[in-house]
Amino acid sequence: MTATSAFFDRLAAACQDPRFSKVCGSVRFDIGDGDDLEQWLLVIDHGHMKVTRSAAPADTVIRVSVPVADAMARGEVNGLAAITRGEILVDGDLGLALRLGRLFPRASGSGDQTEQPTSSSTP
Amino acid sequence: MRDIPGTVSCIDGNTFIVSDASGDVESSPATPVGLFAADTRFLSRWVLTVNGERMAALSVDDSQYYEVTFFVAPGGAVDYVEADVSGIRRRRIGPDLTESLTIFNYGQGVVDLDVRLEVAADFADIFEIKFDIHDKVGTSYTQIDGNELRLGYRRGTYRREVVVSASERATIDPGGLRFAVRLPPGQQWTTQLQAAMRALRPDGVDLRDALRAQRPEDSTLPDSVREWVAQAPTLDTESAALQQVYHRSLVDLAALRFAPLSLGGATVPAAGLPWFMTLFGRDSLLTCLQTLPVTPSLAPPTLRILASLQGARTDDVLEEDPGRILHELRYGESAAFEEQPHSPYYGTVDASPLFVVLLDEYERWSGDTALVMELEQEARSALTWIDSYADLTSTGYVWYQKRNGATGLDNQCWKDSWDSISYADGRLPGFPRATCETQGYAYDAKIRGARLARTFWGDPDYADRLEREAAALYERFNRDFWLDDRGYYALALDHDGTPVDSLSSNIGHLLWSGIVPPERAARVVEHLMGPALFSGWGVRTFAEGQGRYNPLGYHNGTVWPFDNSFIAWGLRRYGFATEAGRIAEGILSAATYFQGRLPEAFGGFDRSTTRYPVRYPTAGSPQAWSSGAPMLLLRTMLGIDPHEDHLAVNPALPSAFARVALLDIPGRWGRVDAFARQRPDRPASTGGIA
Numbered sequence: 001m002t003a004t005s006a007f008f009d010r011l012a013a014a015c016q017d018p019r020f021s022k023v024c025g026s027v028r029f030d031i032g033d034g035d036d037l038e039q040w041l042l043v044i045d046h047g048h049m050k051v052t053r054s055a056a057p058a059d060t061v062i063r064v065s066v067p068v069a070d071a072m073a074r075g076e077v078n079g080l081a082a083i084t085r086g087e088i089l090v091d092g093d094l095g096l097a098l099r100l101g102r103l104f105p106r107a108s109g110s111g112d113q114t115e116q117p118t119s120s121s122t123p
Numbered sequence: 001m002r003d004i005p006g007t008v009s010c011i012d013g014n015t016f017i018v019s020d021a022s023g024d025v026e027s028s029p030a031t032p033v034g035l036f037a038a039d040t041r042f043l044s045r046w047v048l049t050v051n052g053e054r055m056a057a058l059s060v061d062d063s064q065y066y067e068v069t070f071f072v073a074p075g076g077a078v079d080y081v082e083a084d085v086s087g088i089r090r091r092r093i094g095p096d097l098t099e100s101l102t103i104f105n106y107g108q109g110v111v112d113l114d115v116r117l118e119v120a121a122d123f124a125d126i127f128e129i130k131f132d133i134h135d136k137v138g139t140s141y142t143q144i145d146g147n148e149l150r151l152g153y154r155r156g157t158y159r160r161e162v163v164v165s166a167s168e169r170a171t172i173d174p175g176g177l178r179f180a181v182r183l184p185p186g187q188q189w190t191t192q193l194q195a196a197m198r199a200l201r202p203d204g205v206d207l208r209d210a211l212r213a214q215r216p217e218d219s220t221l222p223d224s225v226r227e228w229v230a231q232a233p234t235l236d237t238e239s240a241a242l243q244q245v246y247h248r249s250l251v252d253l254a255a256l257r258f259a260p261l262s263l264g265g266a267t268v269p270a271a272g273l274p275w276f277m278t279l280f281g282r283d284s285l286l287t288c289l290q291t292l293p294v295t296p297s298l299a300p301p302t303l304r305i306l307a308s309l310q311g312a313r314t315d316d317v318l319e320e321d322p323g324r325i326l327h328e329l330r331y332g333e334s335a336a337f338e339e340q341p342h343s344p345y346y347g348t349v350d351a352s353p354l355f356v357v358l359l360d361e362y363e364r365w366s367g368d369t370a371l372v373m374e375l376e377q378e379a380r381s382a383l384t385w386i387d388s389y390a391d392l393t394s395t396g397y398v399w400y401q402k403r404n405g406a407t408g409l410d411n412q413c414w415k416d417s418w419d420s421i422s423y424a425d426g427r428l429p430g431f432p433r434a435t436c437e438t439q440g441y442a443y444d445a446k447i448r449g450a451r452l453a454r455t456f457w458g459d460p461d462y463a464d465r466l467e468r469e470a471a472a473l474y475e476r477f478n479r480d481f482w483l484d485d486r487g488y489y490a491l492a493l494d495h496d497g498t499p500v501d502s503l504s505s506n507i508g509h510l511l512w513s514g515i516v517p518p519e520r521a522a523r524v525v526e527h528l529m530g531p532a533l534f535s536g537w538g539v540r541t542f543a544e545g546q547g548r549y550n551p552l553g554y555h556n557g558t559v560w561p562f563d564n565s566f567i568a569w570g571l572r573r574y575g576f577a578t579e580a581g582r583i584a585e586g587i588l589s590a591a592t593y594f595q596g597r598l599p600e601a602f603g604g605f606d607r608s609t610t611r612y613p614v615r616y617p618t619a620g621s622p623q624a625w626s627s628g629a630p631m632l633l634l635r636t637m638l639g640i641d642p643h644e645d646h647l648a649v650n651p652a653l654p655s656a657f658a659r660v661a662l663l664d665i666p667g668r669w670g671r672v673d674a675f676a677r678q679r680p681d682r683p684a685s686t687g688g689i690a
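Protein chains in written order, with full-length UniProt numbering: chain A, 1 to 123; chain B, 1 to 690.
Keep in mind the hints are simulated off the structure, nothing from the lab. Careful: at least some of the hints might be erroneous.
As the list claims (entries may be wrong) - Each pair of labels, with its calculated beta carbon distance range: (1) B:Asp-464 with A:Ala-12: 37 to 43 Å; (2) B:Asp-606 with A:Ser-21: 54 to 60 Å; (3) A:Asp-59 with B:Gly-458: 28 to 34 Å; (4) A:Cys-24 with B:Gly-487: 54 to 60 Å; (5) A:Ala-12 with B:Gly-175: 53 to 59 Å; (6) B:Arg-451 with A:Ser-21: 21 to 27 Å; (7) B:Arg-427 with A:Ser-21: 44 to 50 Å; (8) A:Thr-2 with B:Gly-175: 48 to 54 Å.
Where a beta carbon is used, it is the ideal one built from N, C-alpha and C, also for glycine.
Can you build the whole structure from these sequences, using the hints too?
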């Protein structure tokens, strides 16, 4: 299992995140391209999260390569910096993308480890 | 806009061009002149010559911040310009730069002119300019397509490009554009130049397209500025100087508005030209606090963007913690490649409490309970950050010690230069440090957070807890920071709890926050208004007689208008109206020496010695919280303060002003007027409310 699919599995299992209790919207992650395109749709409704493999339209579409997606899932990517340098392509509601960026772990620096979205997450 | 001596600026939020008085840009690596957007220099050379001669400036009209007109003639800086040929460069800044160039022939014969525009782009990041770094990692490219000169820079997936084009046929080479112009007598020639700035993704989409789409048409810009001024209260006073500073500040606040891409067009204040043309947590929050009576529309987008970028994780490079409000957000190459930590950087300890302070104060003015509900979670997180993440020594204070050893800030309070926090004898304390004014902000945030919790969030238990914590902080602070033998509060606590005993302007902010017991206030005020701190123009950042005092020390002796505006607010809170008036008079008088535009800081020299405020060499100008300072000083002179659904007015005018009225002050009451007038029979002023 890739870091990316493990990450989305964790989100799917978590079902909700109180930090997004006032957030409603949908974000689709388009990972890779061509025949290798892997699409995940995340729908948030007042903190309830639904994660599916879907190509349905979304408020925000985030396009990344497979290695960048894996790095994001491992917490190695600063989202805003990666958007600025053209590694993460965001179309649609950038504000929503930045908020949902908090779902991703962050492992840089020597500090303590990332907060997982909920206690039900699995390694 | 001519505050870096000899330069002229044209500003639109975080896009701006700084040139010389003839309109030319001739940058050296370390000077912040050129065309900038998103922390990147897109033009480092933009020089006009006619028949090989540089242009001399005859006059400049920069009455609109987004538009400048240069009247020029060929010839160097000589006594006499033989001006058969002359020119007008009319420049406008928006998402891109446009310049209309017109050449006139007022001579008697036909002239053949070689009109040349030299163009270069170094794509320097603002931090490369600040730190004088020359080597770029990526590669540059130049393309000539038809009537366009395309200069670009590429580093991996990062690509920035400027496309220079002209409406008239030009001969284009990699160094610029050339026009062969034949002008009969009495004729003129015009071309429209454009420099389009692009931040290109690998798929060719320009990140700045959204910015262009969000903006009103260029032609509506004058209306939008007029609207901005019309929305603000009208100042009615006999003082032409006060009128000038009010109008200038209002327009500068408009100039510094910028629309972050994630806000869908809503604008927030950029901190200041030229180094700080981006979002800063502290600067934007304090600017919004200063301007609530005048331009309250700045506050909701500022609170919203800071909320949306609030820290959520722990990161030692960004110095991010859950609940922490950001310090600085940048879009340049150094941020993009994480060579600087600004995407975003969280190294500030005051933005988090000030976030709560602004949210509460904004509600008191606006009655916007919806925003208080919308941002409840973020406000609670910011309050939690104070106790859970900032109390590094478990002593009940907000401390700082940088975790990003390479590029983090040593001092994470408003005085954020490396040597700003020192003992009276000049020694630097160790880390962590807890500065006094930050404790005041934390106290105020808890008091205000309690009001929000009780009144709007339906959580009286949380309100009680915050009030208990505030009371305990008040006790503790007044025990540990108070220097009884000196009669003032220590600037900071050293890592081991030793008070850092220097006398500084920071103690004035404590009055604003209300953490000073009334019986101690008079002693604090005596110091603030005494000769060691008060220069005659304002309160110095650092008192004369301290080891590191220097009237031109950035945080060690200069006078900061913003600092003074909050001190004046604090003085009024404790009933020292005359002293607040002295500060208001001093700062507002200083503004007249800067054509109504208060710079970031000016020299701390004594007013009676220099008779004019001495320019601080690299002071930013315009600077958002300096433009906000006159607004807060007006508030303090009028003594306006919201009480439920009405605006209380309790004026106290310094004698320099005979009459000050602020008409149509917006708020939950609709619009009301506040008047202040000197009365010959009473030395103190009186006033009322319409």
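Evaluated hints:
1. B:Asp-464 and A:Ala-12 have their C-beta atoms about 40 Å apart, which keeps the hinted 37 to 43 Å range intact.
2. In this structure the supplied range 54 to 60 Å holds for B:Asp-606 paired with A:Ser-21, their Cβ-Cβ distance being about 56 Å.
3. One distance hint, 28 to 34 Å for the beta-carbon pair A:Asp-59 and B:Gly-458, holds here, with the actual separation near 31 Å.
4. The hinted window of 54 to 60 Å between A:Cys-24 and B:Gly-487 holds, with their beta carbons roughly 56 Å apart.
5. For the pair A:Ala-12 and B:Gly-175, the supplied restraint of 53 to 59 Å holds, since their beta-carbon distance comes to about 57 Å.
6. Remark: the range hint 21 to 27 Å for B:Arg-451 to A:Ser-21 is upheld by a beta-carbon distance near 23 Å.
7. Look at B:Arg-427 against A:Ser-21: about 49 Å separates their beta carbons, and that is inside 44 to 50 Å.
8. Take A:Thr-2 and B:Gly-175: their Cβ atoms lie about 50 Å apart, and the range 48 to 54 Å holds.
The structure agrees with every numbered hint stated previously.
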